[in-house]
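Quick mapping for you: the protein sequence lines, in order, are chains U and D.
To convert, note that position 12 of the first sequence is 12 in the working numbering; the numbers rise steadily by one, no gaps.
To convert, note that position 92 of the second sequence is 92 in the working numbering; the numbers rise steadily by one, no gaps.
In short, the hints are calculated from the structure, not lab data.
It should be emphasised that the depicted structure is a prediction, and the values quoted were computed from it without experimental measurement.
Cβ atoms here follow ideal geometry from the backbone N, Cα and C, with glycine treated the same way.
There may be inaccurate statements among the hints.
Claimed, not checked - Within a straight-line C-alpha distance of at most 20 angstroms, the following computed SDA-like cross-link-like pairs (lysine to any residue) qualify: (1) D:Lys-107 with D:Lys-85; (2) U:Lys-83 with D:Gln-220; (3) U:Lys-79 with D:Thr-221; (4) U:Lys-79 with D:Ser-211; (5) U:Lys-75 with U:Arg-28; (6) U:Lys-79 with D:Lys-153; (7) U:Lys-73 with D:Glu-227; (8) U:Lys-83 with U:Ser-110; (9) U:Lys-83 with D:Thr-133; (10) U:Lys-75 with U:Val-61; (11) U:Lys-83 with D:Val-206; (12) U:Lys-75 with D:Arg-210; (13) D:Lys-85 with D:Thr-63; (14) U:Lys-73 with U:Arg-92.
Unchecked claim - Label-pair restraints from in silico Cβ distances: (15) U:Ser-110 with D:Thr-67: 31 to 39 angstroms; (16) D:Arg-79 with U:Val-15: 50 to 58 angstroms; (17) D:Pro-66 with U:Ser-80: 31 to 39 angstroms; (18) D:Gly-159 with U:Thr-20: 45 to 53 angstroms; (19) U:Ala-12 with D:Ala-64: 52 to 60 angstroms; (20) D:Gly-84 with U:Val-15: 57 to 65 angstroms; (21) D:Lys-62 with U:Glu-96: 52 to 60 angstroms.
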Amino acid sequence: MSNGQGNQSLIAADVEIIGTIKSSSAVRIEGKLDGELVCAADAVIGKSAVIKGNISVNSVVIEGLIQGNIIAKDKIEMKSTAKVHGDINSKRLSVEDGVTFIGRSEVNPSGSVATPPAATPKADSEGKSDNPGGGIFGRR
Amino acid sequence: MSGKGKAGDVSGFDVVRAVKHVRERKGSIPPPPKKPPDAPPEHPSPEPPDDGKPARSARIGKTAVPTKYEYVCYECGYRFTVAGKVRTLYCAKCRTILNQTDYTIDKRHDVSIVTAGCVTIAPDGIWAGGSLTARQVVIEGRHEAGSIKVYGKLEVGPGAVFNAADIDAQDILIRAGAEIKIEGQATYRDVELYGELSADLKATGVVSIRSGGHLKGRLQTGHLVVEDGGGLNATVVVGSVPPENSE
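Please work from the sequences and hints to get the whole structure.
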């Protein structure tokens with residue numbers, strides 16, 4: 001369903017989808033998705049959206065709930081109402097105060113290669129870190 | 001103004017007295033018209049004709065509110081705020097006269113300092129021993145020995161070398177260009193990153209990663225703000241965490 005704003009597809013709040021959504025144009029999800037979202041363009045996860053599955057997009061604005069891993073080529077933007085249980089991987093990240101986020105973040109705007117997150121969502125708070133810190137002293 | 005205090009000192013009584021003085025000064029405020037309303041004016045003025053109402057008196061359009069500074073008494077630990085700068089700072093609870101001198105360490109220093117002001121360890125400065133207690137500490141040089149207690153914000157600049165285990169600070173700010181590694185869990189209230197920090201970080205307040213800032217390691221906090229351009233390579237727990245993940 002198109003909402004008339006360019007080529008953006010809209011999944012309304014009263015719609016529940018079980019399966020994979022693939023789109024080459026922008027997507028806005030306000031309903032429920034039990035499955036993957038693969039979008040070559042930008043995606044908006046609205047306030048009422050509930051997604052259980054991984055997301056692969058160019059950039060995404062998150063206002064709702066996501067239980068799954070997020071891979072964005074360009075940017076992940078978490079609004080204050082966002083709840084994310086899973087790992088994120090992106091080049092740029094923007095987070096507003098008030099979000100709930102449990103998972104591993106791989107965001108490095110300086111351009112070094114980041115490791116993609118695991119395929120399964122990680123919702124436990126005791127995730128392992130491969131970077132436990134460093135020496136005792138700060139250094140230049 | 002009375003002229004007794006410095007340029008930055010503001011007293012409420014002085015403001016009231018100054019306004020009263022301006023109002024009573026001759027010539028500063030045009031007097032109300034005494035002629036009848038229909039009499040022609042002696043000197044034509046560009047202002048609109050007088051309609052019988054009294055001329056507007058001088059009034060204060062804006063009020064300058066002095067900056068509030070938060071202090072912590074290093075004797076009793078009482079936290080209080082003071083509006084503006086004061087020459088003599090008393091603790092509001094125990095009435096101890098607090099030293100509010102700002103210090104700059106630009107060479108090797110091993111004598112204890114206790115102040116309610118700011119202590120800056122310059123790039124050439126070395127804190128080689130003794131205890132340092134201050135409201136704000138800026139580290140741009142080396143901290144080799146001795147304990148540092150910061151009631152407010154600890155600022156870390158590029159080139160800073162310090163032993164985090166010997167530093168007890170409430171807030172921390174990593175300046176741009178600094179790359180800091182902290183071993184073990186680091187606990188602060190507010191954390192602001194303009195530079196890079198590698199740590200197992202636990203924050204009770206807000207963690208702000210500004211553009212150019214980067215956090216590596218682990219993060220547990222209630223509030224996280226990441227500006228566009230900030231980096232985050234960490235295992236993250238942010239926000240109110242339910243005991244079980246609700247479906």
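Evaluation of the provided hints:
1. D:Lys-107 with D:Lys-85: violated (29 angstroms)
2. U:Lys-83 with D:Gln-220: holds (15 angstroms)
3. U:Lys-79 with D:Thr-221: holds (17 angstroms)
4. U:Lys-79 with D:Ser-211: Answer holds: Lys-79 (chain U) to Ser-211 (chain D) is near 17 angstroms, not above 20 angstroms.
5. U:Lys-75 with U:Arg-28: With a Cα-Cα distance of about 16 angstroms, the restraint between Lys-75 (chain U) and Arg-28 (chain U) holds, given a limit of 20 angstroms.
6. U:Lys-79 with D:Lys-153: violated (28 angstroms)
7. U:Lys-73 with D:Glu-227: Status holds; Cα separation ~18 angstroms.
8. U:Lys-83 with U:Ser-110: violated (26 angstroms)
9. U:Lys-83 with D:Thr-133: violated (41 angstroms)
10. U:Lys-75 with U:Val-61: Within the cut-off at roughly 8 angstroms; holds.
11. U:Lys-83 with D:Val-206: holds (17 angstroms)
12. U:Lys-75 with D:Arg-210: The given pair, whose Cα atoms are some 16 angstroms apart, holds under the 20 angstroms limit.
13. D:Lys-85 with D:Thr-63: With Cα atoms ~17 angstroms apart, Lys-85 (chain D) and Thr-63 (chain D) stay inside 20 angstroms; holds.
14. U:Lys-73 with U:Arg-92: Measuring from Cα to Cα gives roughly 9 angstroms; hence the hint holds.
15. U:Ser-110 with D:Thr-67: 31 to 39 angstroms: Given about 36 angstroms between the Cβ atoms, the range holds.
16. D:Arg-79 with U:Val-15: 50 to 58 angstroms: holds (53 angstroms)
17. D:Pro-66 with U:Ser-80: 31 to 39 angstroms: Between Pro-66 (chain D) and Ser-80 (chain U), where Cβ atoms are some 33 angstroms apart, the hint holds.
18. D:Gly-159 with U:Thr-20: 45 to 53 angstroms: Distance hint for Gly-159 (chain D), Thr-20 (chain U) holds at roughly 51 angstroms.
19. U:Ala-12 with D:Ala-64: 52 to 60 angstroms: The hinted range 52 to 60 angstroms holds for Ala-12 (chain U) and Ala-64 (chain D), with Cβ atoms some 54 angstroms apart.
20. D:Gly-84 with U:Val-15: 57 to 65 angstroms: holds (60 angstroms)
21. D:Lys-62 with U:Glu-96: 52 to 60 angstroms: With Cβ atoms ~33 angstroms apart, the hint is violated.
Hints 1, 6, 8, 9, 21 from the earlier list are contradicted by this structure; the remaining hints agree with it.
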